[in-house]
Amino acid sequence: MKVEDVLRQKKAAILEKWFQLLLDTYPAETSRFLKEEKNQFANPVGHAFYQGIEGLYEGLLQGLEPEKISPFIDKIVRIRAVQDFLPSQANAYIFLLKRAIREELAAELRENRVPIKELLTFESRIDELALHSFDIYMKCREKIYEIRVNEVKNRTAKLLERANLVLNLP
Amino acid sequence: MASVPKPDELAKIDHKPPKTGWMDTPVKFRRGTWLYAAKPKYLEAIGFPNPREWSPEDEDWKLPPNWKEIILEGLRERLGRFRSLQLFMDTCVRCGACADKCHFFIGSGDPKNMPVLRAELLRSVYRRDFTAAGKIMGKLVGARDLTVDVLKEWFYYFYQCTQCRRCSLFCPFGIDTAEITLLTRELLNLVGCNVDWVMGPVANCYRTGNHLGLEPHAYRDMVEFCVDEIENVTGIRVEPTFNRKGAEILFITPSGDVFADPGIYTMMGYLILFHEIGLDYTLSTYASEGGNFGSFTSHEMMKRLNAKMYAEAKRLGVKWILGGECGHMWRVIHQYMDTMNGPADFLEEPVSPITGTKFENAKSTKMVHICEFTADLIKHGKLKLDPRRNDHLKVTFHDSCNPSRAMGLLEEPRYIIKNVCNHFYEMPENTIREQTFCCGSGGGLNADENMEMRLRGGFPRANAVKYVHEKYGVNMLACICAIDRAVLPPLMEYWVPGVRVTGVHELVGNALVMEGEQERTTDLRGNPLLGMDDDKNA
Numbered sequence: 493m494k495v496e497d498v499l500r501q502k503k504a505a506i507l508e509k510w511f512q513l514l515l516d517t518y519p520a521e522t523s524r525f526l527k528e529e530k531n532q533f534a535n536p537v538g539h540a541f542y543q544g545i546e547g548l549y550e551g552l553l554q555g556l557e558p559e560k561i562s563p564f565i566d567k568i569v570r571i572r573a574v575q576d577f578l579p580s581q582a583n584a585y586i587f588l589l590k591r592a593i594r595e596e597l598a599a600e601l602r603e604n605r606v607p608i609k610e611l612l613t614f615e616s617r618i619d620e621l622a623l624h625s626f627d628i629y630m631k632c633r634e635k636i637y638e639i640r641v642n643e644v645k646n647r648t649a650k651l652l653e654r655a656n657l658v659l660n661l662p
Numbered sequence: 235m236a237s238v239p240k241p242d243e244l245a246k247i248d249h250k251p252p253k254t255g256w257m258d259t260p261v262k263f264r265r266g267t268w269l270y271a272a273k274p275k276y277l278e279a280i281g282f283p284n285p286r287e288w289s290p291e292d293e294d295w296k297l298p299p300n301w302k303e304i305i306l307e308g309l310r311e312r313l314g315r316f317r318s319l320q321l322f323m324d325t326c327v328r329c330g331a332c333a334d335k336c337h338f339f340i341g342s343g344d345p346k347n348m349p350v351l352r353a354e355l356l357r358s359v360y361r362r363d364f365t366a367a368g369k370i371m372g373k374l375v376g377a378r379d380l381t382v383d384v385l386k387e388w389f390y391y392f393y394q395c396t397q398c399r400r401c402s403l404f405c406p407f408g409i410d411t412a413e414i415t416l417l418t419r420e421l422l423n424l425v426g427c428n429v430d431w432v433m434g435p436v437a438n439c440y441r442t443g444n445h446l447g448l449e450p451h452a453y454r455d456m457v458e459f460c461v462d463e464i465e466n467v468t469g470i471r472v473e474p475t476f477n478r479k480g481a482e483i484l485f486i487t488p489s490g491d492v493f494a495d496p497g498i499y500t501m502m503g504y505l506i507l508f509h510e511i512g513l514d515y516t517l518s519t520y521a522s523e524g525g526n527f528g529s530f531t532s533h534e535m536m537k538r539l540n541a542k543m544y545a546e547a548k549r550l551g552v553k554w555i556l557g558g559e560c561g562h563m564w565r566v567i568h569q570y571m572d573t574m575n576g577p578a579d580f581l582e583e584p585v586s587p588i589t590g591t592k593f594e595n596a597k598s599t600k601m602v603h604i605c606e607f608t609a610d611l612i613k614h615g616k617l618k619l620d621p622r623r624n625d626h627l628k629v630t631f632h633d634s635c636n637p638s639r640a641m642g643l644l645e646e647p648r649y650i651i652k653n654v655c656n657h658f659y660e661m662p663e664n665t666i667r668e669q670t671f672c673c674g675s676g677g678g679l680n681a682d683e684n685m686e687m688r689l690r691g692g693f694p695r696a697n698a699v700k701y702v703h704e705k706y707g708v709n710m711l712a713c714i715c716a717i718d719r720a721v722l723p724p725l726m727e728y729w730v731p732g733v734r735v736t737g738v739h740e741l742v743g744n745a746l747v748m749e750g751e752q753e754r755t756t757d758l759r760g761n762p763l764l765g766m767d768d769d770k771n772a
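Chains B and W, in that order, are what the protein sequence lines are. Residue numbers for the first sequence follow the numbering used here, so the first one is 493 and each next one is one higher. Residue numbers for the second sequence follow the numbering used here, so the first one is 235 and each next one is one higher.
So that you can see chain W by itself, here it is in the shape it has in the complex (with noise of 0.2 Å):
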């Protein structure tokens, strides 16, 4: 009984919050909001430095002896490498444009989630050892020393960070936070700090070409479960190929759409699709990932995994690349891949063998977007389309961050959801397109440790969605990204119960009417089609 607090000590509830300064106020590791320290045998795996058993709830973190000196020796490697690196560090203004951005900063209701808090975490140390007001005038000019407090703030803060990029759209020099927190993790990677979500699906992704692992045969058989549910629900048999060589086309899409659910409801969709349209294509078991836990990284690591992509299609000798519904990939693609591992000159210019549309915009990169690709399809009024298959969904659309922000993809998939479904609703202005809020659980962040920083992050999200679910009723949440049809369904679970996800190719899968198909009594889930149960009653 000894331990029982006394009426008056009860009564003690400090609710406010800490009185220090950002700087004096050392991040506590409280369970639920941090991510699990990377295994050894990952780091080993992929040749980064001290691989060690370790936890961030430890008071020591196992760090090298001079790592302050490693530390500050990357940071000043990069930022002669990286102008842009120096330019954020030299250029923020601190207006605070970007400071109620943040999803994080939104939902967490923690100001070291402002982004210009965040990258302030960084910038205090750059100035302390790379300035001279700040070798000088120290705190002053806000500059402080790297301590292992600083260290661990910065894996706590910059682990909070998706690289969402919605901050930087509303900063007036375009300072991008994505980039100051991809570059403070390869600082932290020099020293063994990184987590294991992340470090998993890129060591596995390095081995086998996908986060989970999966071997060839295990990504075939995983394949061919989708087309056994296709055949259930169409009578069809559709007839992938795998590493087929001399195939026009090969399609990459996130390992997410193959083995995951709701996912491979997606992927079902891209099958459907092709097998009507008689696309030559092939899919690869070793180009068997889209997504790219690199980027999330270093940029080292996010060449080194994007590499097969190329490698995969010349050994291949397809012509171009057709890539599936997936979000930091097409930003990877967009903004990186032709400069990491460009130029593809050993394929052709992308241009559809159904419609004779020239993709000019994937002219350097030689990869297109599914939904360019199906959204050219329809508009040539190559599909035989019957949205009412989808009238038991009211749908509304969730920009993806990275093809919404990074290679500016808005309009086609509300162009290919329009055709497919008779009910769409959009959410709030400042919720979609450009100023799209984040699922919260990118940026190698959908681990399930972290569950409540994930759901602190979505709220903003969540928000948008439960007011078009009040108000007209929308059952299905459509994205084209592999972590948002991941981890918006738990989000939604927990503020907005009563709406599921979809990808947007699921929603043409079941709309598209296929060439002696059987009468269609279900969705592709299998749940029964609007008038069905009434007709089957009857």
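So that you can see chain B by itself, here it is in the shape it has in the complex (with noise of 0.2 Å):
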């Protein structure tokens, strides 16, 4: 059997398990409130981290470029950009479906159900997407002080061409 057609059949539990790993990265009371609160607008951080991870599922499993599941990506990372956590941890999710795959699969592995070299085809693929997420971790975090830094000449700029103190060429 094609690793691809089991993962496709275990999609559900393979999910739900890297979800709830992901979720795992917050303290225990976050964690149930991200899982439980299915409104999407009481819960935007629970219901993006969803609906990134679907998408990065489905397009790993139909093989699709980069620029088509960056947006899946991006879902995840620029929350996480500015959450506290450490570069590693904030891209650490991706590597939590290598953990929720290995143990779904683990029949299927130990009785050679699912050839080895395949998984780890598979698994090759993972790790891109995490050299991706890392791409778009950068991109939020140069944002962040991009606005910062715009923020600061915004604040005085009205002021400094009012007082003459700036010269703007026509």
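If you're looking for bench data, these hints aren't it; they were derived computationally from the structure. Don't take every hint at face value.
[Unchecked claim] Quick partial rundown of chain W residues pointing at chain B, CB under 10 Å, derived from the structure:
no.	residue
1	Pro-251
2	Met-257
3	Pro-260
4	Lys-262
5	Ala-333
6	Gly-343
7	Asp-344
8	Leu-448
9	Met-456
10	Asn-664
11	Phe-671
12	Ala-720
13	Pro-723
We put the CB at the ideal spot given by N, CA and C, even for glycine.
Put the two chains together into one complex, using the hints given.
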């Protein structure tokens, strides 16, 4: 059996496990809230995370190009880039998929129903995703600092202009 | 090379949260999440204790030797003075209704941002020193000693509350977290633990009347700048007056409307409106700030800064006060001013000189919100409006926390927008009106050094904007608060690029047809009106 077929069959269970592993990177009270509150406006983080991992999983199965997958990475990483995480922690969610898959496919692997080589190839694609995730993480972090610099500049720009302290060429 | 980690060290990425309980997990001051400490000169200017150079990152916060006694005595005194505080400390049953309502909890995932736990940071100390059970049983009943770590925790988390009061809406006892935050900040002030972004504006406001410390000539000059811009767009020169005795109305607005982008376009909207209806009003270069950062500091400071409004109204001999689009200014006016600095018996009950409408809701404070005033003008058909001039905008409305939750101003801004714009779309109902999500930067948090924290707190709001942006193509976020106008643009830039921010009266300024005006080809920002580009090309 091809690994993609098994992964498709077990999609619901793997996604649930991945989601839980992702939520476990938060304190227990938070994790519970992120999982249980279903309203997308009351719980925007949990909603974005689930949409993100679902899109990523589908993208991996379909072998989509990175640019088609990146909006789903963005959904997750844009949030984790402003939360209390180190860069390694913010991006670790991708590797949690490997763990979810290995645990869910434990029996198939033990009994050689899924060729290990195929799984390793699939896992390499997950590794590639992690690199894309890091790219997007860096873009978010750079954006934060860009916004900060612009805010400082804009704060007094009008005043300086009015006080004739800046020269605006026509 | 010695410092490069080995592969097995690199593989040990701990992405799990700490396992210790909340009481035993001290705060880590990570850059991007906290505010700079107040400069000594600001504290000296207003006579606040313990002015010194320090940073929250430092191990030693240079507290006074008897800091603990000062705080506990301060708490004892406030428990006596504010019955509300005593109730808030005693009545919480930890039902959890508030827990997931805070934008900072939702956006950060940090449980200490749950309003119940934020209050517990103070309550645990209250229990230890002010209740019999806490004195005897300590931690068993949720009591703990006041230590330097606890003080640091207070500083960290009570400057992660924007005093927006969304949590209070869901509390069955009506516990007002904004009050708890204000009172805890009062305690922190007693030992000199305050933030620069709040104390700077407070000290400036106390001296010159506005947050930036603009002196009268500079203030006037900035307003004149708006006058020039209005002339460019409309061909009409409006003529505001300053400090004019005997004017009927004193107009007070946040100084952000006078100097900050995009607030200045809202200012232009006010000036256009007042000119068109021939209002007898004056601006003041002393009451040149609607905002009151005292309300993020202490009850006394709030009172001291608010007093200038009535003092100036009295000095100028106006009949009543009209207030601009501001957030916390309206909470202070609606919930505190009358008892703090009133009664304003030298003023008259406000009556619109154009429509004759009596603003009975302002009978006591004598201060009317510009949105009530303008909505009344529109309702009586006093304004000639061409909403097509806003056709290039697809607008949604963010209820600013204080006008919505602290004064119930829900319909008037919407009524105005619907009359001056053809394309208006509401955000989902659990994110607007009384349930509105905060911008994430109110309460004195709108500095740049804590940008990450602001982006966390603003995420629930941005998420709802993103929804209408994607669904209806919304490209303009309207609001009636100067802090909103300052902080929502960066929030949009990060979470929802393509959405800009406006005050409601900027939209009014665009749509209002002025007598004798030139044909308008641009909006107040100089952007071409819809169809104008095509006309030129044709």
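Hints, one by one, checked against the model:
no.: 1; hint: Pro-251; result: holds, 5 Å
no.: 2; hint: Met-257; result: violated, 14 Å
no.: 3; hint: Pro-260; result: violated, 14 Å
no.: 4; hint: Lys-262; result: holds, 8 Å
no.: 5; hint: Ala-333; result: holds, 8 Å
no.: 6; hint: Gly-343; result: holds, 4 Å
no.: 7; hint: Asp-344; result: holds, 7 Å
no.: 8; hint: Leu-448; result: holds, 8 Å
no.: 9; hint: Met-456; result: holds, 6 Å
no.: 10; hint: Asn-664; result: holds, 5 Å
no.: 11; hint: Phe-671; result: holds, 8 Å
no.: 12; hint: Ala-720; result: holds, 8 Å
no.: 13; hint: Pro-723; result: holds, 9 Å
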